[in-house]
Amino acid sequence: MANVSPPPSSGAAVAKAKAITCPACGASITLRALGASVMVVCASCRSQIDISRPEIQIIKRFNAAAESFELPLGARGPLRGQTFEVIGAMVRSDQGYRWTEYLLFNPFIGFRWLVEDQGHWSLGETVKDVSAITPGPVGLRYRDREYRKFAVANPVVETVVGEFYWRVKVGNQAETRDWVAPPWMLSQEKTRTESIWTLLQYLDPAEVEAAFKITASERDDVAPHQPCPATQTLGSIKPFLLAALGLALVLQLATVFMAHSRTISIGSYEPASGHGHEVVFGPVHLDAQHSLNEVTAAAPLNNGWVELNYALVNKATGESYEFGNEFEFYSGADSDGTWTEGSTSGSALVPALPAGDYDVVVDSSSGDSNGGAIQQPIRLTLTHDIVPWRNFWIACGAILLYPLVLTYRRLVFERRRWSGSAFDPHIIRTH
Amino acid sequence: MLSSAAGMKLKMSLYLASCATALLYLGLANAHGYVPFASPTSRSSDHTANHFHK
Amino acid sequence: MTAFRCPTCGAEGRFGSGAPYAVCRYCKSLLVKNDAGPESIGKVADVPDDFSPLQIGVTGKFDRRHYSLVGRLRKVWEEGSWNEWCVLFDDQSFGWLAEAQGDLVMTCKQPAEVLQGVPGAQAAAHAEPGTIWRIDGGDFAVSDVKQVSCQGAEGELSEVFAIGEAALSIDLRGNGLEFATVEFRSGGVHAYVGRFVEFAECQFTNLRHIDGWDVKG
Chain U
4 MANVSPPPSS GAAVAKAKAI TCPACGASIT LRALGASVMV VCASCRSQID
54 ISRPEIQIIK RFNAAAESFE LPLGARGPLR GQTFEVIGAM VRSDQGYRWT
104 EYLLFNPFIG FRWLVEDQGH WSLGETVKDV SAITPGPVGL RYRDREYRKF
154 AVANPVVETV VGEFYWRVKV GNQAETRDWV APPWMLSQEK TRTESIWTLL
204 QYLDPAEVEA AFKITASERD DVAPHQPCPA TQTLGSIKPF LLAALGLALV
254 LQLATVFMAH SRTISIGSYE PASGHGHEVV FGPVHLDAQH SLNEVTAAAP
304 LNNGWVELNY ALVNKATGES YEFGNEFEFY SGADSDGTWT EGSTSGSALV
354 PALPAGDYDV VVDSSSGDSN GGAIQQPIRL TLTHDIVPWR NFWIACGAIL
404 LYPLVLTYRR LVFERRRWSG SAFDPHIIRT H
Chain B
2 MLSSAAGMKL KMSLYLASCA TALLYLGLAN AHGYVPFASP TSRSSDHTAN
52 HFHK
Chain Z
135 MTAFRCPTCG AEGRFGSGAP YAVCRYCKSL LVKNDAGPES IGKVADVPDD
185 FSPLQIGVTG KFDRRHYSLV GRLRKVWEEG SWNEWCVLFD DQSFGWLAEA
235 QGDLVMTCKQ PAEVLQGVPG AQAAAHAEPG TIWRIDGGDF AVSDVKQVSC
285 QGAEGELSEV FAIGEAALSI DLRGNGLEFA TVEFRSGGVH AYVGRFVEFA
335 ECQFTNLRHI DGWDVKG
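Protein chains in written order, with this note's numbering: chain U, 4 to 434; chain B, 2 to 55; chain Z, 135 to 351.
These are computed hints drawn from the structure, not numbers from a lab.
You may find that some hints are simply not true.
Here are the simulated DMTMM-like pairs of lysine to aspartate or glutamate, each with C-alpha atoms no more than 20 angstroms apart in a straight line [as the list claims (entries may be wrong)]:
hint : chain 1 : residue 1 : chain 2 : residue 2
1    : U       : Lys-131   : Z       : Asp-278
2    : Z       : Lys-167   : Z       : Glu-293
3    : B       : Lys-12    : U       : Asp-207
Sequences and hints are given; from them, build the entire structure.
Laid out in structure tokens, this is it:
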């Protein structure tokens, strides 16, 4: 019987995190995704170690001071109900912008990405159903969302620490393209042999702070896929907006339907006889409970003005409603031809009149081209129980005010978002 | 500081309240034939049947 | 369940599935089943340590088909390595559950007829990513081309690599989550078709405990 080592224990086997010694500097390195990761960068000396074979090899030796990352390796936190551990971190840069990409791992779920860019956080997952990414009307279409092209970049890896499932080296450059459908972003990374697609979701920094117990740095600018708060609010209030406008229309139509709009002739008023003292007309009978009425005066004026003072006196209560109205009309001829100015009629609104019989008391002052009172008679009419439109416009204005403010805010936000993109859809490009 | 979900609920409630107020105004004002900014009006309760100035 | 004695070291073992190959737990001899008894055809390396929650004996579900993991191959290529778990379905058929980069892919071997749309080994070795091949009535796009070999094995296996053999392995993506692998080995061409599966949908039982982690979400 040969001497053989006993078989691995079956049943309740336990996988433990493995610690290895860095072959370059001797520091202890904890491997958190053993079997899935192929390389690890020593946090102490930054040497890159190949762990894809049992024989651990140094890929590249470094001596560098440790860079501080907001999230340390080994940090664990729950994101969207799933716990992940930070096993790797790298800083990439493109044209002066730098951002950090953390590789997260959960042995029962797999890998995820946590990206931090100028204080903005996103959670990313590699897309498995790549064939579901298809060309769409504004760029790409994936899972019933339209994504708009935002950026093309060539990021370079500047710093790397921890474990990765491919051999990432400082200096590696990739070609990336980003499409956005806030809060989502589709990011394509092209290498020589393939395209890797990642779907990222914008996270509220508070979520990352709560998950990893850190204080995130302040957000700078608007991220490409940052959801616009005004857009979200608009979406929430839209049902109320539509219902309110609908109800306003219903109420107004009901008012239109129920208005009598009855024209009553008051009489013919002689301004010359009315100067200095009043003429009483009526009584006119107003039958609607409470009504809006319009008193109209019309006269075939020519080069004259008239100012009328009215009092509607309720015969039963003695209550008097006083108001005034004035109008003027001039005409002539000059080098350009004939001209006219003004109007030959005028009207005044008398709101909230209770039902009853009313005397119409009129006095006036007027002037014609001779300076005396106008000679033309003024025909007075009262249109009883007309439709008020002012209230409807005021109500609509009040209902639309907040949505308009939000729409303005959305415009400003989207301006800021797309000002960071070379593919701004709002700019009309001249070639 | 309110969480974003609570904040959204607050905004929705306030907006709903403002819409309700606007509609209430519309209904009541129309029913009473009232409009704001009508021609300058004064009302007096002079109980004399005829109205004499000066 | 058939008991056997390893022809190399004499240790006792069991064949639980109808799989033709098994690895002796004690001496790591690769055994092939014969009527006269198992025959050793070489030795395999130990499977390296890893953090996988899967182990031989784990049961799972794939599209309502119940299965258990009976063996494992550790495949290796230039840039890394991964696990290929040999899967035994309740109907006694086999499949392979690949565990790579945190993802799981279940594929089943297809008969040779499906490969009519597939070029020969020479042309395949230079296939460009994105090239469309027709396999099993569906269109698949080449996603990567690599040389693979076996780093270690354990348990029972429905097929094996010849010891020290390297094969040309081509991965392809189909509609949605569909996945296919075509392997050009010394014995011929083999096609496997299946799809990505999520850990949660497999409803695994008997998982290996991972220090510091609960089986959550």
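Right, here's what the structure says about each hint:
1. A hinted pair counts as satisfied when its Cα atoms are at most 20 angstroms apart, and Lys-131 (chain U) with Asp-278 (chain Z) qualifies at roughly 14 angstroms.
2. Among the hinted pairs, Lys-167 (chain Z) with Glu-293 (chain Z) is consistent with the structure: their alpha-carbon atoms are about 12 angstroms apart, no more than 20 angstroms.
3. Taking the CA atoms of Lys-12 (chain B) and Asp-207 (chain U), the gap is near 19 angstroms; set against the 20 angstroms cutoff, the hint holds.
Violation of the numbered hints given earlier is absent; every hint is satisfied by the structure.
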